[in-house]
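Visitor: Line order of the protein sequences matches chains A and B. Counting along the first sequence from 1, when you hit position 67 you're at 67 in this note's numbering, and nothing is skipped either side. Counting along the second sequence from 1, when you hit position 108 you're at 108 in this note's numbering, and nothing is skipped either side.
No lab work stands behind these hints, which were simulated from the structure alone. Do not take every clue at face value.
[To be verified] On the chain A side, residues computed to face chain B include the following (Cβ under 7 Å):
(1) P6
(2) R192
(3) A266
[Unchecked claim] List time: in silico DMTMM-like cross-link candidates among lysine to aspartate or glutamate, alpha-carbon distance up to 25 Å:
(4) B/K208 x A/D123
(5) A/K84 x A/D54
(6) A/K204 x A/D189
(7) B/K193 x B/D173
(8) A/K204 x A/D184
(9) A/K178 x A/D189
(10) A/K28 x A/E40
(11) A/K28 x A/D123
(12) A/K3 x B/D173
(13) A/K178 x B/D110
(14) B/K229 x B/D145
(15) A/K28 x B/D145
(16) B/K208 x B/E269
(17) A/K3 x A/E280
(18) B/K89 x B/E269
(19) A/K27 x A/D49
(20) A/K178 x A/D123
(21) B/K28 x A/D123
(22) A/K204 x A/E280
(23) A/K27 x A/E40
(24) B/K193 x B/E269
(25) A/K3 x B/D110
(26) B/K28 x A/E67
(27) A/K28 x A/E67
(28) B/K33 x B/E269
(29) A/K70 x A/D49
(30) B/K28 x A/D189
(31) A/K178 x A/D32
(32) B/K33 x A/D184
(33) B/K33 x A/D123
Glycine included, C-beta positions come from ideal geometry on N, C-alpha and C.
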Amino acid sequence: MNKILPILTVVAAIFVLWYAAAIGMNKKWALDQAGRAGIELSTNDLIADTWSQDRPVLPVPHQVAQELWKTTGAMVLKGRAMSKRSLIFHGWITLSATLLGFVIGTGAGILLAVGIVHNRAMDMSVMPWAIASQTIPILAIAPMIIVVLNSVGIQGLLPKAFISAYLSFFPVVVGMVKGLRSPDGMQLDLLRTYSASGNETFWKLRLPSSMPYLFTSLKIGMAAALVGAIVGELPTGAIRGLGARMLTGSYYGQTIQIWSALFAAAILAASLVGIIGMIERRMLKRMGVKP
Amino acid sequence: MTWLIFAALFWAATWYLNSWIANGPHAKTRAAKLAVPVIFGITIIVVWEALVRGLQVPSVILPPPTAIAAKFATSIPILWQDFFQTFVKGALSGYLIGCGAAFITAVLIDRSPFLQRGLLPVGNFIAALPIIGTAPILVMWFGFDWQSKSAVVVVMVFFPMLVNTVQGLAATDSMQRDLMNTYSASYWQSLLKLRLPAAMPAIFNGLKIATTLALIGAIVAEFFGSPIKGMGFRISTEVGRLGLDMVWAEITVAALAGSAFYGIVATIEKGVTFWHPSQRG
Numbered sequence: 001m002n003k004i005l006p007i008l009t010v011v012a013a014i015f016v017l018w019y020a021a022a023i024g025m026n027k028k029w030a031l032d033q034a035g036r037a038g039i040e041l042s043t044n045d046l047i048a049d050t051w052s053q054d055r056p057v058l059p060v061p062h063q064v065a066q067e068l069w070k071t072t073g074a075m076v077l078k079g080r081a082m083s084k085r086s087l088i089f090h091g092w093i094t095l096s097a098t099l100l101g102f103v104i105g106t107g108a109g110i111l112l113a114v115g116i117v118h119n120r121a122m123d124m125s126v127m128p129w130a131i132a133s134q135t136i137p138i139l140a141i142a143p144m145i146i147v148v149l150n151s152v153g154i155q156g157l158l159p160k161a162f163i164s165a166y167l168s169f170f171p172v173v174v175g176m177v178k179g180l181r182s183p184d185g186m187q188l189d190l191l192r193t194y195s196a197s198g199n200e201t202f203w204k205l206r207l208p209s210s211m212p213y214l215f216t217s218l219k220i221g222m223a224a225a226l227v228g229a230i231v232g233e234l235p236t237g238a239i240r241g242l243g244a245r246m247l248t249g250s251y252y253g254q255t256i257q258i259w260s261a262l263f264a265a266a267i268l269a270a271s272l273v274g275i276i277g278m279i280e281r282r283m284l285k286r287m288g289v290k291p
Numbered sequence: 001m002t003w004l005i006f007a008a009l010f011w012a013a014t015w016y017l018n019s020w021i022a023n024g025p026h027a028k029t030r031a032a033k034l035a036v037p038v039i040f041g042i043t044i045i046v047v048w049e050a051l052v053r054g055l056q057v058p059s060v061i062l063p064p065p066t067a068i069a070a071k072f073a074t075s076i077p078i079l080w081q082d083f084f085q086t087f088v089k090g091a092l093s094g095y096l097i098g099c100g101a102a103f104i105t106a107v108l109i110d111r112s113p114f115l116q117r118g119l120l121p122v123g124n125f126i127a128a129l130p131i132i133g134t135a136p137i138l139v140m141w142f143g144f145d146w147q148s149k150s151a152v153v154v155v156m157v158f159f160p161m162l163v164n165t166v167q168g169l170a171a172t173d174s175m176q177r178d179l180m181n182t183y184s185a186s187y188w189q190s191l192l193k194l195r196l197p198a199a200m201p202a203i204f205n206g207l208k209i210a211t212t213l214a215l216i217g218a219i220v221a222e223f224f225g226s227p228i229k230g231m232g233f234r235i236s237t238e239v240g241r242l243g244l245d246m247v248w249a250e251i252t253v254a255a256l257a258g259s260a261f262y263g264i265v266a267t268i269e270k271g272v273t274f275w276h277p278s279q280r281g
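This is chain A alone, in the form it adopts within the complex (with noise of 0.2 Å):
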């Protein structure tokens, strides 16, 4: 309860603050077309006008949420729900790619965790490789892979899928390594009094007490994955995705369609993490591993 009340208050400073903002940046252009129609505005007409303007400078959260119950509940309710103007369909696109993205991703990330874990030379080798390409902006590759990709003849998914496997990818290696070598000497030596195999070791010990670790990694590969496929989307043109609501929001002025794609986007990124998140409580209980 003593972190509810803290935080509601924050969000609707953050509110206040919007709808104040949004005069301020409004009012330009209500000023002028009030001034071109010879009319003078009252104070409560200007900041009427600023927060129901087609194309604002900024839309204001009512104007957004409107935007968004428009292009996804009203569509639903006249059974259009996969309508090219829906964001339910676009949603839909992108989130198909960031899903096979992630699946890709994480398998190979554990499976490179794995053989780093069992392998010295890899472990030398990759590692510092891995680690060290996170520093780089690898989204800047985006727009290439996908031309790439188009011009061998694969298009649609995969391509984007293939930039949300990369960038997922590495934060599972390194967190994966990380958790499948946190069993301590103590644990190890249990086993080996047991006379375990390295195989029983892994599935028994390491496997399992890397699984704070993995989840961890899970929701960062996720974030990153549902950003991959967003930029995947942008460089080609594509028409189809919330990254293309996006781009031709912004190639029309459409202000209140990039808001809208934008809060799709974050929703979608907020619950996907959720998703995990829930797994990983459920998920540690049964194991027992405290919180």
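Please arrange chain B on chain A, whose structure you already have, making use of the hints.
Guide: This is chain B only, laid out in the frame that chain A set:
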């Protein structure tokens, strides 16, 4: 065919060499720790070159490293101009403004536990969102030049930096704070002499995360509109013209700049937090 056999042999030879070093008696020395990844990197480049030549991959799909190096050497003025536009004007200015603002905000909200409890979860939440999506909005507001890239970077680095600094300022334990109290230290004295130094590992963690974010933000923001220079602009236009060697040259610049930026921050960290267990190793 000879190229392919050469690639396979080279791979096998260097892999054997690496596992010999890694399992040998000198594996723990500094030289071995440096040599093994370097050999691995060289192997990747040589095998890449040999595979591209052997399989005759067209250069619009994957140019060989030698072609990239040649392009890099001949177009240094363009690369420098792009680097200056994107990195120095866009990323660096945004990085300084964003991290500075986040640091000041963190010190201010640190005085109020109420704000701390409210801002930390919100900040953590926002830090996990795809903030890069604000790029088209900010490009609209601030125009095509570096100001908009700088703004994107500010938004991207602000929350990770804020969260890390607030956590760092809370890192002292009550014993240490009590000691400052018995010295009757003022707020500023305890901030400057105890809590800021103790917060440095966390602050530098935030600064290091922000280096990568800054470069990504500046490059991706250029996809939404830019003047006719800049790394993101060059990448997206050269990709359109299938000038892949130029794209790889820009990626090399981005990789070098990113690693160097990170390296500089990490070196400063080593000097500032010399007392921390992770640095004494």
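Visitor: Confirm or reject each hint.
Guide: Verification of the supplied hints:
With a least beta-carbon distance of about 3 Å to chain B, the hint placing A/P6 at the interface is held under the 7 Å criterion. Taken as an interface hint, A/R192 does not check out: its beta carbon lies about 20 Å from the nearest beta carbon of chain B, beyond 7 Å. Among the interface hints, the one on A/A266 holds; its C-beta lies about 5 Å from the nearest C-beta in chain B, closer than the 7 Å criterion. At roughly 24 Å between alpha-carbon atoms, B/K208 and A/D123 fall within 25 Å of each other, so this suggested pair holds.
For the suggested pair A/K84 and A/D54, the alpha carbons sit about 21 Å apart, so the restraint of at most 25 Å is met. Only pairs whose Cα atoms come within 25 Å are accepted, and A/K204 paired with A/D189 is accepted, the gap being roughly 14 Å. At most 25 Å may separate the alpha-carbon atoms for a hinted pair to count; B/K193 and B/D173 meet this at roughly 14 Å. Restraint check for A/K204 and A/D184: satisfied, since their Cα atoms lie roughly 14 Å apart, inside the 25 Å limit.
Our distance criterion of 25 Å between C-alpha atoms is met by A/K178 and A/D189, whose separation comes to about 19 Å. This hinted pair checks out: A/K28 and A/E40 have alpha carbons roughly 14 Å apart, not beyond 25 Å. The suggested pairing of A/K28 with A/D123 is violated, with an alpha-carbon distance near 60 Å, which exceeds 25 Å. In summary, the hint linking A/K3 to B/D173 is supported, as the alpha carbons are separated by about 22 Å, within the 25 Å threshold.
For the hint pairing A/K178 with B/D110, the CA-to-CA distance comes to about 32 Å; that exceeds 25 Å, so the pair is violated. Straight-line distance between C-alpha atoms of B/K229 and B/D145 comes to about 10 Å, which keeps the hinted pair within the 25 Å bound. Distance hint between A/K28 and B/D145 is fulfilled; the C-alpha atoms sit about 22 Å from each other, no more than 25 Å. Between B/K208 and B/E269, the direct Cα distance comes to roughly 9 Å. Compliance with the 25 Å bound is thereby established for this hinted pair.
At roughly 22 Å between alpha-carbon atoms, A/K3 and A/E280 fall within 25 Å of each other, so this suggested pair holds. The suggested pairing of B/K89 with B/E269 holds, with an alpha-carbon distance near 24 Å, which does not exceed 25 Å. For the given pair, A/K27 sits about 8 Å from A/D49 by alpha-carbon distance, which is consistent with the 25 Å threshold. Simply put, A/K178 and A/D123 have alpha-carbon atoms about 12 Å apart, close enough for the 25 Å limit, and the pair holds.
Note on B/K28 and A/D123: the hinted pairing holds, with a Cα-Cα distance of about 13 Å set against a maximum of 25 Å. Distance check on the hinted pair: A/K204 and A/E280 sit about 19 Å apart at the alpha-carbon level, within 25 Å; holds. A distance of roughly 13 Å separates the Cα atoms of A/K27 and A/E40; the hinted pair therefore holds under the 25 Å criterion. Distance check on the hinted pair: B/K193 and B/E269 sit about 18 Å apart at the alpha-carbon level, within 25 Å; holds.
For a cut-off of 25 Å, the pair hint linking A/K3 to B/D110 stands: about 16 Å separates their Cα positions. Note on B/K28 and A/E67: the hinted pairing is violated, with a Cα-Cα distance of about 60 Å set against a maximum of 25 Å. This hinted pair checks out: A/K28 and A/E67 have alpha carbons roughly 23 Å apart, not beyond 25 Å. Proposed proximity of B/K33 and B/E269 is supported: the alpha carbons are some 22 Å apart, at most 25 Å.
With a CA separation close to 21 Å, the supplied pair A/K70 and A/D49 stays within the 25 Å bound. Distance check on the hinted pair: B/K28 and A/D189 sit about 22 Å apart at the alpha-carbon level, within 25 Å; holds. Straight-line distance between C-alpha atoms of A/K178 and A/D32 comes to about 60 Å, which puts the hinted pair past the 25 Å bound. Our distance criterion of 25 Å between C-alpha atoms is met by B/K33 and A/D184, whose separation comes to about 23 Å.
Among the hinted pairs, B/K33 with A/D123 is consistent with the structure: their alpha-carbon atoms are about 10 Å apart, no more than 25 Å.
Of the numbered hints given earlier, the model fails hints 2, 11, 13, 26 and 31; all others are met.
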